[in-house]
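Using the sequences and the hints given, assemble the complete structure.
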Amino acid sequence: MSTLEQTASTGHHHGPAKGITRWLYTTNHKDIGTMYLIFSLVMFMVGGCMALTIRAELFQPGLQLIQPEFFNQMTTMHGLIMVFGAVMPAFVGLANWMVPMMVGAPDMALPRMNNWSFWILPFAFSMMLMTLFMEGGGPNFGWTFYAPLSTTYAPPSVTFFIFAVHMMGISSIMGAINIIATIFNLRAPGMTFMKMPLFVWTWLITAFLLIAVMPVLAGVVTMMLMDIHFGTSFFNAAGGGDPVLFQHVFWFFGHPEVYIMILPAFGIVSEIIPTFARKKLFGYTSMVYATSSIAILSFIVWAHHMFTVGMPLIGELFFMFTTMLIAVPTGVKVFNWIATMFRGSMTFETPMLFAVAFVVLFTIGGFSGLMLAIAPVDFQYHDTYFVVAHFHYVLVPGAIFSIMAATYYWLPKWTGNMYNESMGKLHFWLSFIGVNITFFPMHFIGLAGMPRRIPDYALQFADFNMVASVGAFLFGFAQLLFIYNIVCCARGGKKATDRVWEGSHGLEWTLPSPPPYHSFTQPPKVD
Amino acid sequence: MSSATYYVPEESRWPILASVALFLMAFGAGSLLNALSAEAGGGAGMVTLLIGALLLGLILVGWFGHVIKESQAGMYSAQMDRSFRWGMGWFIFSEVMFFAAFFGALFYVRTLAVPWLGGEGAKGAANMLWPGFEATWPLLQTPDMELFPGPQAIIDPWHVPLLNTVLLVTSSVTVTFAHKALKRDNRGAIKLWLLATILLGIVFVYFQGLEYAEAYNELGLTLQAGIYGATFFILTGFHGVHVTLGTFMLIIIWLRILKGHFDSEKHFGFEAVAWYWHFVDVVWIGLFLFVYVF
Amino acid sequence: MRCNRLALLLSGFVISPAVVAEWEVNLVRGVTEISHAIFDLHMIIFYVCVAIAVVVFGVMLWSIIYHRKSRGAKAHHFHEHLWVEILWTIIPFGILVAMAVPASQTLIQMYDKSEADINIQVTGYQWKWRYQYLGQDIDFFSNLSTPQDQINNEATKGENYLLEVDQPVVIPVGKKVRFLITANDVIHSWWVPALAVKQDAIPGFINEAWTVVDEPGIYRGQCAELCGRDHGFMPVVVDARSEEDYLQWVASQTQAQQAEKAAAEQTWTMEALISKGEEVYKTSCLACHQANGQGIPGAFPGLVNTPLMSGDGLMEHARIVVHGRTGTAMQAFGEQLSDVDLAAVITYERNAWGNDGGMITPQQIKQLKAE
Ligand code: HEA
Ligand code: HEA
Ligand code: CUA
Ligand SMILES: [Cu+2]
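Chains as they are written, first to last, in my numbering: chain A, 16 to 542; chain B, 16 to 309; chain C, -15 to 355.
No lab work stands behind these hints: they were computed from the structure. This one's a predicted model, so the numbers in the text were calculated from it and none came from an experiment. Take the hints with a grain of salt, since some may be wrong.
Stated by the list, open to error - Derived coverage of chain B by chain A (criterion: at least 3 residues anywhere in the stretch with Cβ under 8 Å from a Cβ of chain A; other residues may be distant):
id, stretch
1, 122 to 129
2, 137 to 147
3, 178 to 187
4, 217 to 223
5, 267 to 279
6, 288 to 302
Here a beta-carbon is modelled for each residue, glycine too, at the ideal position from N, C-alpha and C.
So, in structure tokens, the structure goes:
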């Protein structure tokens, strides 16, 4: 083949370039990972401020702060930004940082494309946010944008929303392809599939889900675009189409999407718990199989979001059974984590606190999910705050807590400095309390009959709404500690060792903290 | 895995430029469509879209040119080659899923929505709202003929579409011959077989264009013709776009062959395009069966 | 009062459900057989989940307390156990099967398609419900009746704030009532918790739902699918009456329809039309075109000082209101409002906010409808 010298850094710089071009032109997985993480944090703040706007309006019955049309825009944008702007990029950022280090690679498999995946995002989200200032206002039809509210009855800005979704889709697909190629192809010698860290495994499966469903999302928004501008009738019965067709296609994407937001979290927790329990993960093999089963099942449960659209009985039954089935592999995971803690030697540093809270609160969210899965009862729950409570339990103390746990866990590795542990713990406790005050009462108002996506409500829901709003502000302000802690840690502090944690295992801990610019220039041997 | 053979490319300005171009295209297209729908002219949007598209085109030429240069300089190891293969493979899978969304829509309306509207099946009560509507497929009579006047007739599968099927299947064969020839390093044969593939692709697109003209001008089969027209055009339309793109890619590969690129060992670029071409072919078979024949 | 509840909430979530029910933190039990079945299912799953939670979190808490390093715990080195793993796959599966059985039974019961005694077509409009009693001459719209100033916090909120309408749908108790649910514009969802009926209203399609109410009473619910701006302001009120009262109501409805016809024949003055029109405008048009007639730029056009409002625009104006503009949020109000109301609201618009565009009579509207 070629006679050139063949090491990772052939003929190239060994460190980052200076100035802004470092970030604009970079092909380095760590730089790109950092950019993803910062982007995600910014989006979390933006989406969070929208959530606080919602909560402020709902503090009391009556319309006080904002008008209904703006409220709907806030709800929509909050959902979209948190899902596509905060959680997904955060996981991609973590994958960028950690996957190459965990499999013993110098970088991602396709570094230039990696940079492109990232840089599409800021443009996509600028366009999405711009819609708020356009004539007629921004998207106001919920993050699920059901037709025909999002087609015939939508403000003109929906066209830009559609293109923004296309761009996000391109970005996600390329990011996922990159991760798969890295995992398949750049593993260090000796690292067989069944030796890969679980974070790598869960991301591999997540990447597969992404590639399978993001194009379906692209397809459904394309059909919307055609209905809006080219006179087609996909979602219009007058031409033989069906508004419910939209929902089927959307949820075929949408349900796997929610597992895209939780599988990497499972991976993170499966890394952290063994470290702080000082004990090997219980049931590694069953974890892998459980994750795969969840992913496969996720393709045949989508219509549990549509129990009330008037599906034929047989459809309702099918989707109820498949949905319930998902509790089995998820349960296996929960039991494995607990068995890992059982008879361990545990300490509770901030990452562990977040991981333990994850297990408890995610399981609570899972239980309410299971209740929603019971189709006849979902007729009462559907589109109420009970659903809102469910998905915030799996998303906020689920996905978001896992991201925070990961940040604390790997921050010393990334920066070479320890973060401030007491501030971390304070952040945890405020978040833990805040999250529960915010979202637990939503179960009650949901059961009592408060529909979601309403700017004003009947008087019997007033008390718990007030409680939830107070909690939301507590939780929101607690995040300032998080940001402060990260910034301080990035700028200096106690030096971290290579191992960082007493109980940590894996290739990433064999590198210095902070790791060299190109992680493994020589593939390490794994036995 | 192979020993320490990994090439991390230098910093590159292509990605950020490509993002800007993509943004301009999306923004321009959005403004243009909105202006057209509001009947307000769309000059600015059109200009932005064109600038974005032009930019993206130039960037892709530059970016791929760069990659080709690196490849020719022998900087890519066998491992890198495998990464590219995984990348292309999964990209094609994503395209399959894109088409799956439209096929899914087609099956759903055919087997569920339209019969319901016509009064059949579990939700036949819907027919109350559309008195006189009868479910048929192809759907010549839409529920509301004023809003969505159905087509007078549909394309006969056994003329142009059959011919197109033959063309595409043949082109899949010719591209395989080209691949075989490449493996034998028979450069004369590669050029010929590739050229044949390209010509078949172009003829296919041409016939598809004729068919569209017939649909619009003679059959009343349009995008506005109700769900039959909608599914017909979205499926064949996106397929046509893919054929066009594939033809472009084939042309580039052909030019590279003319310049002496690729050898019997290393020809990922060639194979990627060949895979893509086969994928486009397989989608067509699906289209031919489910859009035209059944 | 408020403090009490707060304390209750914060004192932990282990409150017995009996107490909880009083504080409206649980599902309503409802007044139909189905709603009871659903409520029972709900409680069963809830208890199952609580039981599993106690076990799972119990073990976890035990480990957290006793297996911590600070207590000198040493890590054991097991990390697999085939039987345990098989067990904790099979047991949850068994629990799920046990839950699926009653759930399926209830679902099948809900899908009971047998003939009903009364059929009501329910149509969702942005943002009101229309009720048509099939086979009877009853057809009306049901609008939110909470005054705007309560919503804007300018007046104290009434007991049924946001859950009250000008005309509830009336049904008899003890009879099977079938609802044929559809929509005119976007998707809505017709929901009354006490009846455990929630069914999406899909434009162009019809969904069926049914109920047999046991006790007379007024049952309130809301639209449960985001349907645009005033999604939060389109309540559903069901008035379940004894058979007798129901028949009486049916008779009075038929009379009311006749009175309306008579009013349309009568001659109206411009002043009378304007003052009536103002009321109609508030209930039917204000949501979009706003109190000042300026609309919302980009979404809803203003009606002030436009060519349409000048003398020549009269018939075109009336045509838009009566027939609507297809494909936009501007519905055909011809089918929603009586001829008098239409004439009134059009005349009102033409003379409000400084407009000076003349008047139109109910008779003219009648002609226009016939066109
Ligand atoms: C991270 C995201 C995430 C995750 C992981 C889940 C997990 C689950 N979800 Fe959730 N869901 C959402 C995000 C998520 N969901 C969102 C965003 C929505 C709303 C979308 C919208 O409309 O806007 C939604 C809505 C939603 C609905 C629709 C409700 C409605 O609109 O009416 C349903 C219905 O079935 C459902 C079910 C489930 C189930 C069964 C699980 C299961 O995976 C849970 C499994 C876990 C457990 C069960 C706990 C642990 C298990 C054990 C301890 C074992 C033993 C247990 C038993 C045998 C009971 N979800
Ligand atoms: C991962 C996803 C995610 C996350 C993290 C959140 C986080 C939060 N969400 Fe969520 N939410 C969704 C996903 C998410 N949400 C989705 C998908 C919907 C459905 C949308 C739809 O119906 O279409 C929804 C809907 C939704 C509703 C229902 C709206 C409605 O039906 O009308 C509410 C209401 O309370 C709510 C509240 C909150 C709150 C208080 C938080 C908090 O956790 C947020 C806390 C974060 C911050 C506050 C920002 C960071 C903090 C700082 C920068 C500190 C300083 C700043 C200030 C204090 C101002 N959300
Ligand atoms: Cu009608 Cu919500
Ligand atoms: Cu789901």
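Going through the hints against the structure:
no.: 1; hint: 122 to 129; in the structure: holds (count 5)
no.: 2; hint: 137 to 147; in the structure: holds (count 5)
no.: 3; hint: 178 to 187; in the structure: violated (count 0)
no.: 4; hint: 217 to 223; in the structure: violated (count 0)
no.: 5; hint: 267 to 279; in the structure: violated (count 0)
no.: 6; hint: 288 to 302; in the structure: violated (count 0)
In terms of the numbered hints stated before, the structure departs from hints 3, 4, 5 and 6, listed from lowest to highest.
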